[in-house]
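Colleague: Sequence:
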Amino acid sequence: MEITDVTATTVDVPLIELDETLGIGPYVTNHGQVESMERVLVRVETDAGIAGWGEMRTFLSAEATESVLEDGIGPLIEGQSPFEVERLRRQVFIEYTNIELFFAAVETACWDIVGKALNKPVCELLGGATAPEQTEAMNADAADAESRPDREVEFAFCLGILSPEESRRKACEALEAGFSVLKTKAGRDWQQDVARIEAMHDEVDGQLEFRLDPNQGWTLDEAVRVGAALEDSGIYLQYMEQPIRVNNHTSLATLRQRLRQPIAPNEDTYIPNNLRSLITTGAMDVAVLDLTPAGGIAGLRQQAAIVEDAGVPYTHHCAFDLGIRTAAILHAVHGLPGFSLPPDTTYYAWEEDILTDPFELADGRMTVPDAPGLGVDIDLDTIEKFQV
Numbered sequence: 551m552e553i554t555d556v557t558a559t560t561v562d563v564p565l566i567e568l569d570e571t572l573g574i575g576p577y578v579t580n581h582g583q584v585e586s587m588e589r590v591l592v593r594v595e596t597d598a599g600i601a602g603w604g605e606m607r608t609f610l611s612a613e614a615t616e617s618v619l620e621d622g623i624g625p626l627i628e629g630q631s632p633f634e635v636e637r638l639r640r641q642v643f644i645e646y647t648n649i650e651l652f653f654a655a656v657e658t659a660c661w662d663i664v665g666k667a668l669n670k671p672v673c674e675l676l677g678g679a680t681a682p683e684q685t686e687a688m689n690a691d692a693a694d695a696e697s698r699p700d701r702e703v704e705f706a707f708c709l710g711i712l713s714p715e716e717s718r719r720k721a722c723e724a725l726e727a728g729f730s731v732l733k734t735k736a737g738r739d740w741q742q743d744v745a746r747i748e749a750m751h752d753e754v755d756g757q758l759e760f761r762l763d764p765n766q767g768w769t770l771d772e773a774v775r776v777g778a779a780l781e782d783s784g785i786y787l788q789y790m791e792q793p794i795r796v797n798n799h800t801s802l803a804t805l806r807q808r809l810r811q812p813i814a815p816n817e818d819t820y821i822p823n824n825l826r827s828l829i830t831t832g833a834m835d836v837a838v839l840d841l842t843p844a845g846g847i848a849g850l851r852q853q854a855a856i857v858e859d860a861g862v863p864y865t866h867h868c869a870f871d872l873g874i875r876t877a878a879i880l881h882a883v884h885g886l887p888g889f890s891l892p893p894d895t896t897y898y899a900w901e902e903d904i905l906t907d908p909f910e911l912a913d914g915r916m917t918v919p920d921a922p923g924l925g926v927d928i929d930l931d932t933i934e935k936f937q938v
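Going by the numbering used here, the final residue of the sequence shown carries number 938, and the count climbs one at a time with no gaps.
Simulated from the structure, these hints should not be mistaken for laboratory data. Treat the numbers as computed from the prediction; the structure is a model and nothing was measured. Any given hint could turn out to be false.
Think about it this way: if two alpha-carbon atoms lie no more than 20 Å apart in a straight line, the pair counts; the simulated EDC-like pairs of lysine to aspartate or glutamate are [as the list claims (entries may be wrong)]: (1) Lys670 <-> Asp907; (2) Lys670 <-> Asp920; (3) Lys935 <-> Glu901; (4) Lys935 <-> Glu650; (5) Lys670 <-> Glu715; (6) Lys935 <-> Asp913; (7) Lys670 <-> Glu901; (8) Lys935 <-> Asp903; (9) Lys935 <-> Glu636; (10) Lys670 <-> Asp700; (11) Lys935 <-> Asp907; (12) Lys935 <-> Glu585; (13) Lys670 <-> Glu636; (14) Lys935 <-> Asp562; (15) Lys670 <-> Glu634; (16) Lys670 <-> Glu588; (17) Lys935 <-> Glu616.
Build out the structure end to end from the sequences listed, making use of the hints.
Modeller: Structure, rendered in structure tokens:
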């Protein structure tokens, strides 16, 4: 089987507005706000008539991103086998560009193709259920030939920067929807960041765990104040995500020594070889990984092995994923060992999705598809509706 073509299509899908249940738009961060999000859908075709799908966000523009995929990566991999994802990932090179950010969507599509060709879901190609509750279910039912592990994956609710009062209402919505963890953006005003967590914690009577993500927006002293203030209020975060700027591992280690709030680098994990530096300097309690900057599912597996060997728990990042990347994340966290914390998601907040059968969110969980490949079918009419 050989790859014959790579095509990229950009869609711009609106977010459900804040005044609706589980709506989050406009989604405000330390860097700006969004009411919709552009996503690039990548289709890889083969001479066997089997096609696979991947997904990423735009970089600079839709045109620039599509050009890198179609004119840069496409010609490099055409005529080669989609089964050889590791070799493809290592051979694809465009000078002065972190090409893995772009190749990840192509690589995901290759996993989709391989699964369809072998009639197996991607999670089984990765090794099958690996979370503790999943393996326990398999062992308990080992005598039943028809038994299957629990294929549900728990997710964390994500929320932009809001006022404390607005955040109270959204925390209640998240709890009522069955979420146990809520991540909120931060970084514009550290005192307001503290007030928002305190308000939500009070509103749900401590029934939610919280993650606080300033996207590198705090200085070291501000991060210390945030962590200490929350500790004084009896609030212990699940983690503080990338509280200070990247490539400042000594300062992250200092922050970790001064606080009892767990520190979780995210953007720092996007840089090759940074994981080993973070481990060596004692700069993280949790790793927030992402398959896109890792170069795809195979790259994510490589990163997961590094942090698991170091005894560091890890989870997966969210980037306003539509159904294709959500499916890839479901398969990855289900099939790769060590994902012990719920990945983030904003999947509940899209006005529409590009899947013919969108994922259902029940009690803060989604189910890993059991159909071959990524296990999802694409609605071409919806793509046309939202195409940029």
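Colleague: Looking at the structure, which of the earlier hints fail to hold?
Modeller: Violated: hints 4, 5, 6, 7, 9 and 16.
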